[in-house]
Amino acid sequence: MIGRRHLILAGASLAVLPACSQEKTLAVGVAEARLKELGIELPPASKPVANYVGYRRAGDILYIAGQGPDFKNPAFRGRLGETMSIEQGYAAARSAALNTLAQVRAGAGSLDNVVQCLKLEGFVNSADDFTDQPKVLNGASDLFTEVFGEAGRPARYAVGVNTLPFNVSVEISSIWQIKT
Amino acid sequence: MIGRRHLILAGASLAVLPACSQEKTLAVGVAEARLKELGIELPPASKPVANYVGYRRAGDILYIAGQGPDFKNPAFRGRLGETMSIEQGYAAARSAALNTLAQVRAGAGSLDNVVQCLKLEGFVNSADDFTDQPKVLNGASDLFTEVFGEAGRPARYAVGVNTLPFNVSVEISSIWQIKT
Amino acid sequence: MIGRRHLILAGASLAVLPACSQEKTLAVGVAEARLKELGIELPPASKPVANYVGYRRAGDILYIAGQGPDFKNPAFRGRLGETMSIEQGYAAARSAALNTLAQVRAGAGSLDNVVQCLKLEGFVNSADDFTDQPKVLNGASDLFTEVFGEAGRPARYAVGVNTLPFNVSVEISSIWQIKT
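Here the protein sequences line up with chains A, B and C, keeping their order.
End of the first sequence = 181 in my numbering, gap-free, step of one.
End of the second sequence = 181 in my numbering, gap-free, step of one.
End of the third sequence = 181 in my numbering, gap-free, step of one.
Just to be clear, a hint being listed does not mean it is correct.
Copies of one chain are not kept apart here, so a pair can be met inside one copy or by any two copies together.
[Claimed, not checked] Keeping only pairs whose Cα atoms sit at most 20 angstroms apart, straight-line, the calculated DMTMM-like set for lysine to aspartate or glutamate is: (1) K48 x D71; (2) K180 x E33; (3) K48 x E33; (4) K73 x E88; (5) K180 x E38; (6) K48 x E151; (7) K37 x E151; (8) K48 x D133; (9) K48 x D61; (10) K73 x D113; (11) K37 x E88; (12) K180 x D61; (13) K48 x D113; (14) K73 x D133.
If you are wondering where the hints come from, they were derived from the structure by calculation, not from laboratory data.
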């Protein structure tokens, strides 16, 4: 049985889970069960929209292609500071993170093979005066920490850009260490 | 002899080559011959325009610096959705990919030492309402798949930015696995 | 004793140091002494401003989170080509590089464990017509070469973006090889 007390749940917006952020145990190898416990069902790994692949692996390092939020949901398209609120951007980032996990599962065989999320690269479709990209990107790293505990908290950058493919509000790319 | 049938040629815009995208053989170790077959001559690896190097290697991983298209060609400068068409952007991305391959050859000794293209990071100089960055970036990944087959199809992200150095229309960076 | 002649000091803006750019010795393992010699004191590794960590390590590769310049200094906030000159942007990039070195020290135990800077990713808060991002980013790679010699010259990309978190003028992310 996977006890919640074995998870590290640091960071913001984790109110859905009991606080135990002082514990330093990594939650490696229990992510699939954790996902089920959270009631999250991943979408199928999305087909690339152009000439690239969803992931590439070299040794124990897995490179995930840029993932946007669910393309079919118009609520995830638009520019932060113009047509999107921070809350809407956060939801879009969470959707992009779900698409990312689908690629990670495909590339690693199972989320239980994830050792850690090494790097999260986040691009936020932003009006010139919008400067809250970190709050938007938390939608992605919050999901990763819910699923993987402390191992899901990546080194990360968040930047603004003036436009993104298909006018999505967020695009994320990531690098993971996995068991081989 | 290098038979075309040993190459994977998946993806869009590969009309110059016979279709055989169902074959799963990797075309590792024949890239230099393939380049010759395609009639492509690489430019010399360009000198960095500031304080950095063209590539860095750690073990079997090769990091290539950001490459723009041929600086001397004014047709490769400008903003997509304003002064550049998708076709012109595609040509600029292909030119940036040629400059990238020149760096890869310098860093790996020969293109025949390439195992796979792990990651392609693409920045497209874009008007605020331009959202076809993936089509532009295909100019780079199409070249990589022509030369390396399936091994040249990277995990990739494509984003828009409001401006790039020297007003080039595309800048790409990439990570490769090579034989050591 | 650490002789200056053991350092490679290539690139621009290194006037503070005697020229010896022909020498090919790497300055690995002497960075902490070099830092002292330069009179540089690193800030404490800054706490992430959202749900991420300052660095992640897999084997001998260290991924550093996006670092901005000193947040408390308003001179480092603003847009290049609008409210910031290249010189001011250069100073902001140097400040972001100091914050980066603080993370590298935390992640590697000591700067003396740095083998090389593999990759520097630079985002410059830019007006639409500003195209001198490489000169701004030299503020970061110049510092790295002052401290690590040739080993501090990274493969690098520099791009413009229309906005950055907290309206900082520069954000950099980086990947390092370290001794394990």
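Hints, one by one, checked against the model:
For the identical chains of this complex, K48 and D71 are intra-copy neighbours only, at 12 angstroms inside a copy versus 32 angstroms across copies, given an alpha-carbon limit of 20 angstroms. Within a single copy, K180 and E33 get their C-alpha atoms as close as 15 angstroms, which meets the 20 angstroms cut-off; across copies the closest is 34 angstroms, which misses it. In this assembly of identical chains, the alpha carbons of K48 and E33 never lie at most 20 angstroms apart, being 22 angstroms within a copy and 30 angstroms across copies at closest. In this homomeric assembly, K73 and E88 come within 20 angstroms of each other (Cα to Cα) only inside a single copy, at 19 angstroms, whereas the closest approach across copies is 27 angstroms.
Taking the closest pair of Cα atoms, K180 and E38 never come within 20 angstroms of each other, the shortest separation being 23 angstroms inside a single copy and 40 angstroms across copies. For the homomeric pair K48 and E151, the shortest alpha-carbon distance between copies (16 angstroms) is at most 20 angstroms, but the shortest distance inside one copy (29 angstroms) is not. Within a single copy, K37 and E151 get their C-alpha atoms as close as 18 angstroms, which meets the 20 angstroms cut-off; across copies the closest is 35 angstroms, which misses it. With identical chains, the CA atoms of K48 and D133 are at most 20 angstroms apart between copies only, with a shortest distance of 17 angstroms across copies and 30 angstroms within one.
In this homomeric assembly, K48 and D61 never come within 20 angstroms of each other (Cα to Cα): the closest approach is 23 angstroms inside a single copy and 28 angstroms across copies. Within a single copy, K73 and D113 get their C-alpha atoms no closer than 29 angstroms, and across copies no closer than 41 angstroms, so neither meets the 20 angstroms cut-off. For the homomeric pair K37 and E88, neither the shortest alpha-carbon distance inside one copy (25 angstroms) nor that between copies (46 angstroms) is at most 20 angstroms. Taking CA atoms no more than 20 angstroms apart as the test, K180 paired with D61 passes in both settings, with 6 angstroms inside one copy and 16 angstroms between copies.
In the homo-oligomer, the alpha carbons of K48 and D113 never lie at most 20 angstroms apart, since the shortest distance is 23 angstroms inside one protomer and 29 angstroms across protomers. Proximity of K73 to D133 under the C-alpha cut-off of 20 angstroms is restricted to the inter-copy arrangement: shortest distance 17 angstroms between copies versus 25 angstroms within a copy.
When each numbered hint is compared with the structure, violations occur for hints 3, 5, 9, 10, 11 and 13.
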